[in-house]
Amino acid sequence: MPEQISGSVERITFYNPENGYSVIRLKPDNRGMLPFKYASGRDALITVVGNLPELNPGEWVKLTGKWTAHSQYGRQFTAEQCEQSVPATVEGIKRYLGSGLIRGVGPVMAERIVNKFGLDTLEIIDQQPERLKDVLGIGKKRVHQITKAWAEQRAIKDVMLFLQSHGVSTSLAVKIYKQYGDDALSVVQNTPYKMVQDIHGIGFKTADKIAQALGLAPDDPGRIEAGIAYTLNRMAEDGHVYMPQETLEPEAAEILGVPTEKIT
12 MPEQISGSVE RITFYNPENG YSVIRLKPDN RGMLPFKYAS GRDALITVVG NLPELNPGEW
72 VKLTGKWTAH SQYGRQFTAE QCEQSVPATV EGIKRYLGSG LIRGVGPVMA ERIVNKFGLD
132 TLEIIDQQPE RLKDVLGIGK KRVHQITKAW AEQRAIKDVM LFLQSHGVST SLAVKIYKQY
192 GDDALSVVQN TPYKMVQDIH GIGFKTADKI AQALGLAPDD PGRIEAGIAY TLNRMAEDGH
252 VYMPQETLEP EAAEILGVPT EKIT
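Heads up: the sequence shown is residues 12 to 275, going by the working numbering.
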């Protein structure tokens, strides 16, 4: 049975932008809920590995996965799902903003901004960015840079949240976003079977599961077309060089769960 842990990201040890594979150090919310005892101080941090969205120090995450024992690095948590949330403390917000999340905002500027706005900092950046000009060293140009970078980060998180809320694993969500960027939602919602050709590791069944979770009709023309292609590919893998229509139609209909007359 999958287990869950939550806490704040303390640092990113490793991140592969190609597939999202990450090694992070996490400060858990509730040490007493962990299935083992561990020391305080530096050793109190948990090592988390897995294909994750790009995280930043200071972020709060809830992770679903399992505990594993690495022969060299010891006990660690292998994450399969990741839910993100912005930090809720002043120190967390400072680390979050100063982590390189927003171009032009380093630790010093992040501290100035948070000292000015406190817990309202992220809300102000999101909804009233013009108020950032009240902070020493921030002019109109930098406000524009911050606003643009913040919007990009929000877009990434919105895409990841949407995909995960429809049953897409974190590792697949990362692949989908890396392939399509800001067009990811449009592709997934309108042409989900395009992922079969474009993304290694996503076959017809995976794309179909995502499409069905999004409410695509079983007899949608795009689904029928993809199902026929999948059926033909299966036959080719079995060594067949052709497939008569009278054999193809019932075979594809069974795979798709639709009447044979829908296969055209």
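Be aware that one or more of the hints could be misleading.
[Unchecked claim] What follows is a set of in silico ranges between Cβ atoms, one per label pair, in the way DEER data are often shown:
#1 M12 with K220: 38 to 44 Å
#2 S176 with Q208: 24 to 30 Å
#3 F173 with K77: 21 to 27 Å
Simulated from the structure, these hints should not be mistaken for lab results. Quantities reported herein were computed from a predicted structural model and do not represent experimental measurements. Just so you know, even glycine gets a beta-carbon here, dropped at the ideal spot from N, CA and C.
Hint check:
| no. | hint | result |
| --- | --- | --- |
| 1 | M12 with K220: 38 to 44 Å | violated (21 Å) |
| 2 | S176 with Q208: 24 to 30 Å | holds (25 Å) |
| 3 | F173 with K77: 21 to 27 Å | holds (25 Å) |
When held up to the earlier numbered hints, the structure conflicts with hint 1 and nothing else.
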